[in-house]
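K.L.:
All you need for this note's numbering is the position in the sequence shown, starting with 1, plus 27.
In short, the hints are calculated from the structure, not lab data. Incorrect hints may have been included.
Stated by the list, open to error - Taking lysine to aspartate or glutamate and the DMTMM-like style, the derived pairs with C-alpha atoms no more than 25 Å apart in a straight line are:
{"no.": "1", "residue 1": "Lys92", "residue 2": "Asp48"}
{"no.": "2", "residue 1": "Lys78", "residue 2": "Asp93"}
{"no.": "3", "residue 1": "Lys76", "residue 2": "Glu55"}
{"no.": "4", "residue 1": "Lys76", "residue 2": "Glu57"}
{"no.": "5", "residue 1": "Lys76", "residue 2": "Asp93"}
{"no.": "6", "residue 1": "Lys78", "residue 2": "Asp98"}
{"no.": "7", "residue 1": "Lys78", "residue 2": "Glu55"}
{"no.": "8", "residue 1": "Lys78", "residue 2": "Asp48"}
{"no.": "9", "residue 1": "Lys92", "residue 2": "Glu57"}
{"no.": "10", "residue 1": "Lys78", "residue 2": "Glu57"}
{"no.": "11", "residue 1": "Lys76", "residue 2": "Asp98"}
{"no.": "12", "residue 1": "Lys99", "residue 2": "Glu57"}
{"no.": "13", "residue 1": "Lys99", "residue 2": "Glu55"}
{"no.": "14", "residue 1": "Lys99", "residue 2": "Asp85"}
{"no.": "15", "residue 1": "Lys76", "residue 2": "Asp48"}
{"no.": "16", "residue 1": "Lys92", "residue 2": "Glu55"}
{"no.": "17", "residue 1": "Lys99", "residue 2": "Asp48"}
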Amino acid sequence: MPYRDRTTPEPVQCPCGHGRDHYMVSAEAEYRVLGYIQLAFGISARPTKVKYRCRRCDTVFATTKDPAVLDKHY
């Protein structure tokens, strides 16, 4: 198998072949304890991490802590 250059970004996909923007992929936010308490009282909370889970194979295939993505899910 030839050497693969990991510096080129490849689209991240689950074993089914679905990418982050596919309609069968759900973005799940994770919060700190204070964030869950804020959500329980109806206050918006900024997530600490976003996981991408395929609804077909139930696999988490990508996570991100990128501030731009976290702000999108705020």
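K.L.:
Against the 25 Å threshold, does the CA-CA distance of Lys76 and Asp93 hold or violate the hint?
P.N.:
8 Å, holds
K.L.:
Holds or violated: Lys76 and Asp48, Cα atoms, limit 25 Å.
P.N.:
17 Å, holds
K.L.:
Between Lys78 and Glu57, does the CA-CA distance stay at or below 25 Å?
P.N.:
8 Å, holds
K.L.:
Given the hinted pair Lys92 and Glu57, is their Cα-Cα distance within 25 Å?
P.N.:
10 Å, holds
K.L.:
Within a Cα-Cα threshold of 25 Å, do Lys76 and Glu55 meet the stated pairing?
P.N.:
8 Å, holds
K.L.:
Is Lys99 close enough to Asp48, meaning Cα to Cα at most 25 Å?
P.N.:
With Cα atoms ~14 Å apart, Lys99 and Asp48 stay inside 25 Å; holds.
K.L.:
If you draw a straight line from the CA of Lys76 to the CA of Glu57, is it 25 Å or shorter?
P.N.:
With a Cα-Cα distance of about 5 Å, the restraint between Lys76 and Glu57 holds, given a limit of 25 Å.
K.L.:
When you check the alpha-carbon spacing of Lys92 and Glu55, does it fall within 25 Å?
P.N.:
12 Å, holds
K.L.:
Below or equal to 25 Å on CA atoms is what counts here, so check Lys78 against Glu55.
P.N.:
5 Å, holds
K.L.:
Check whether the Cα positions of Lys99 and Asp85 lie no farther apart than 25 Å.
P.N.:
23 Å, holds
K.L.:
Holds or violated: Lys78 with Asp93, Cα cutoff 25 Å?
P.N.:
It holds: about 11 Å lies between the C-alpha atoms, which stays within 25 Å.
K.L.:
For a C-alpha distance cap of 25 Å, please report whether Lys76 and Asp98 respect it.
P.N.:
The given pair, whose Cα atoms are some 11 Å apart, holds under the 25 Å limit.
When held up to the earlier numbered hints, the structure conflicts with none and fits them all.
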